[in-house]
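With chain U's structure known, arrange chain V with the ligands on it following the hints.
Spelled out from the first residue to the last, the chains are:
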Amino acid sequence: MSADKPLLDIRELSVTYTSSNPAVTAVSNLSLQIRKGESLGIIGESGCGKSTLALSIMRLLKDVRTEGEILFSGVNLMDLTEQQLRKYRWEKIAIVFQNSLEVLNPVLTIAEQLEEPIWAHEKLTAKESNQRIIKVLNMVGLDPSWKNAYPHQLSGGMRQRVLLAMALVCEPELLIVDEPTTALDAASKNEIYHLLRDLQKRIGFAMILISHDVAFISRLTSQVMTMYCGQVVEYGRTSDVLKNPMHCYTRGLLNASAQFFRYKDLWGIGGKPPEEMRIYEGCPFAPRCCQSSDNCRKSRPELRYVALERQVACHKGGIETFLKAEGIKKSFQVKNRVIQAVKRADIEIRSGEVVALVGESGSGKSTLAHTLVGILSPDEGSVYFRGKKVENHWASRMMEGMQIIFQDPFSATSPRMKVLDVVKEPLDIMKWGSPEERNEAACRALEAVRLPVNPEFLERYCYSLSGGQRQRVAIARALVTNPKLVIADEITSMLDPSNQANILRELKGLQNRFGFAMLYITHELHLARKVADKVYVMHEGEIVEKGDASEVFEKPKHLYTRQLFSEAFYEESKG
Amino acid sequence: MQHKSRMRIIEYAITIWVIITLNFLLPRLIPGDPFLVLSSQEAEDEEIILSEEQRQYLFEYYGLDQPIHKQYFVYMGELLRGNLGFSLYYKQPVSEIIISRLPWTVFMVISAVVLSTLIGTIIGCISAWHREKWVDKSLFLFMIFFSEIPSFLIGLILLFVFAAGLGLFPLAGAVTHFADFQSGWSRIWDVIHHAILPVTALTISHLGGTYLLGRNSMTTVLEKDYLRTAWAKGLSQSRIIFRHALKNALLPIVTRVFISLGSLVGGAILVENVFSYPGLGTLMRQSVRVHDYPVIQGIFLVVTILVLLANFLADLVYKKLDPRVSS
Ligand SMILES: Nc1ncnc2c1ncn2[C@@H]1O[C@H](COP(=O)(O)OP(=O)(O)O)[C@@H](O)[C@H]1O
Ligand code: SF4
Ligand SMILES: [Mg+2]
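For the protein sequence lines, the chains are U and V, in the order given. The working numbering puts the first residue of the first sequence at 1, with every later residue one more than the last. The working numbering puts the first residue of the second sequence at 1, with every later residue one more than the last.
Same shape as in the complex, but just chain U (with noise of 0.2 Å):
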């Protein structure tokens, strides 16, 4: 066999549920390939058909309906009966089940269900097996005198290790560990997670590794495939799609893994999995997903190569770009004096992101954002909004464009106009819709800031209004339009802390929910830290530094980032 011909590689498999009334599709036209001791880790919600695909690699689902190819070592295993397959199972393709207390055989000793394998596929004297049994029990750390006890006496890390010695008595050429971590104390799996390393060092298997545990695939594996509803969505090298997933679905996992962010509140993925697994004739992430339009509820996208060994099945080529500035400029003439607010910036927001952009005040902030939405034009750069320039004020006056939530809500309107007006104004300019589907989106933006909509309040004028919920109208007239990008401008500072938290953690959960993208603009670091994905760090109208939030507020590199950090996190650093 040369030395690229994949160990294991799956064309266009499907498996359908037979017996469950509907039909369930568990894995829809799935390929991968696996190279000798290679790994391969498979995230994704419980439901997506990590364990159907694993079970049916081995051919162990029974009431199924399978289209495609399973070949191992070039030999299709759906080819051959099970009088054949018994030559491949556990000798050469091993698994990891899911621990539960029922994996093991409740009446037969941890021996007993250890040496059957060995019986089945090698001829060894009972000698040689009882020295084999006890030489993998030690190689997974379990002390050999546990052989002759049976599976309830065991706890539920010891019995996670019986299943890793079970699966490697043959010495399988590959090894597929499924969820190995549920259910299993932070101790428990970190033994796990050395023990899988060092065996697959030694032994050089290759492995599936299924594990909604991101942290856990980061560590073991070389490649990882993101699966939703029993589709591949997003394959690539682990390191790549970890640190710059590419399918707005890989990101909200990661988003949701504890493991990944040190001070980042969690937030799921908006939207349900879908219950019963049926094939969508669109995207079936569309429902849930940031950026889907109907386009992607007509037809399914492909797997394609988006970038060099990264492949995505989106219409949009995976995670769209909303909003990307190049070379911006921005000067005022003040009297005599120009004064340069912004020097030079380049920004980048993308679907469904919470960009924080930090900076002290006076450093340029407003003016960047200003110009962003095209209130003010700049001297130099373009802005292009989902890859059109935006010029005048076309992006703002669209439905699910961009809008900008002013620092000082009412400068821009006149304090004397009632709430509904002041919501409804952006309607009216664009002229949306009928006058009552205007005042209908006026009420339900108002319902999501959980303002009410009694007419009294319909009526009252801003001024009456106090600085949260004035801050609050100022977002639901934002939101009324729908929009895909959100500017926001210091809206909190003008706050109490209490109002301030709970305006970040209501807005924060409307972009989880609506799905659009945030520039969040402030000089409060804290609050920045806890919303944002990425940091620009904006100083004297200048970027100085930009990246993955966590890692710009755990190391940050500029010299006046770091200063900026270590002022506003005195307190930590000192504690």
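Calculated directly from the structure, the hints in this document are not laboratory data. It is possible that part of the hints are untrue.
Claimed, not checked - From the derived model, a few chain V residues whose C-beta atoms are all more than 10 Å from chain U: (1) Arg-6; (2) Ile-19; (3) Tyr-90; (4) Leu-115; (5) Leu-235.
As the list claims (entries may be wrong) - Rough simulated footprint, nothing fancy, chain U against chain V, three-plus residues with beta-carbon under 8 Å: (6) 241-252; (7) 315-325.
Where a beta carbon is used, it is the ideal one built from N, C-alpha and C, also for glycine.
Positioned in the frame of chain U, the structure of chain V with the ligands alone reads:
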């Protein structure tokens, strides 16, 4: 665990005590003079005519002139010495009568239990293995149909067809009386020959239950994760069936076997009468006919103790089979 089994024994003791006490109380709770009732029966039972002497004897025997608690202690004391009373009809101590009849019933019940469990489990497992296929469906219908026929009816049909009609088996009894057997083997054959029809009737009547149990139990086990594990290991089919599936599926079956002994004794009483098989069943019927209370009570007591013993054995065996119970 020690504690638990001790509790178990106490439970059994209490059950036996309750039965004994009921046995003691029942005849005494019947209003009026029990012997008067006895003696004024319909013409059919004319065989018993209680003379004044006998009445006297009975009164004394039961100590009915004594205060009730005293009667009770006397009764218990006699029981402890193995004295179950004296049968008027058979003119023999009750314990002797029962001991002479008991082996036949036990023989029949145990044969039927072993056979019905074996056959029922095997067919049940075959059914489970082919679940929802035609094999399973037709077996299921067939077995349910037979399990609905009462045991004595099966007995009558068997008797009619194979004994009376075809003459393949004797019509009645457990052995050929006054026969001169050449060897021990021919004697054993004679016993088996007599037992075949009654045991078959009892087995068939019990088969539906064991079949269903076997089928359910096996079906449950076949869906367990550990069975998938066994398949994944590439073991042979026979090993998977016998070592992984059957060993687990047998657990509930074993328990049921012992517990079902009780209901089988009930069935045996009916079947014995069809075949005039000389076990407790025929004895019971006769005693009821002639109102031989001491014998009826004795049979109750012995049957109760046997059933309890069976339960006790079930516990023991279950512990041996299921490691989860013993630790
Ligand atoms: N035996 C089965 N019969 C019918 N549907 C099943 C069966 N097993 C799993 N499914 C369905 O298939 C889908 C995938 O399940 P599974 O492979 O277990 O996902 P995961 O391992 O990713 O949690 C789910 O919708 C589940 O309900
Ligand atoms: S953009 Fe469309 S195709 Fe891409 S993941 Fe979202 S819904 Fe699916
Ligand atoms: Mg699973």
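Hint check:
{"no.": "1", "hint": "Arg-6", "verdict": "24 Å, holds"}
{"no.": "2", "hint": "Ile-19", "verdict": "35 Å, holds"}
{"no.": "3", "hint": "Tyr-90", "verdict": "50 Å, holds"}
{"no.": "4", "hint": "Leu-115", "verdict": "25 Å, holds"}
{"no.": "5", "hint": "Leu-235", "verdict": "5 Å, violated"}
{"no.": "6", "hint": "241-252", "verdict": "holds (count 5)"}
{"no.": "7", "hint": "315-325", "verdict": "holds (count 4)"}
Checked against the numbered hints listed earlier, the structure breaks hint 5 alone; every other hint is satisfied.
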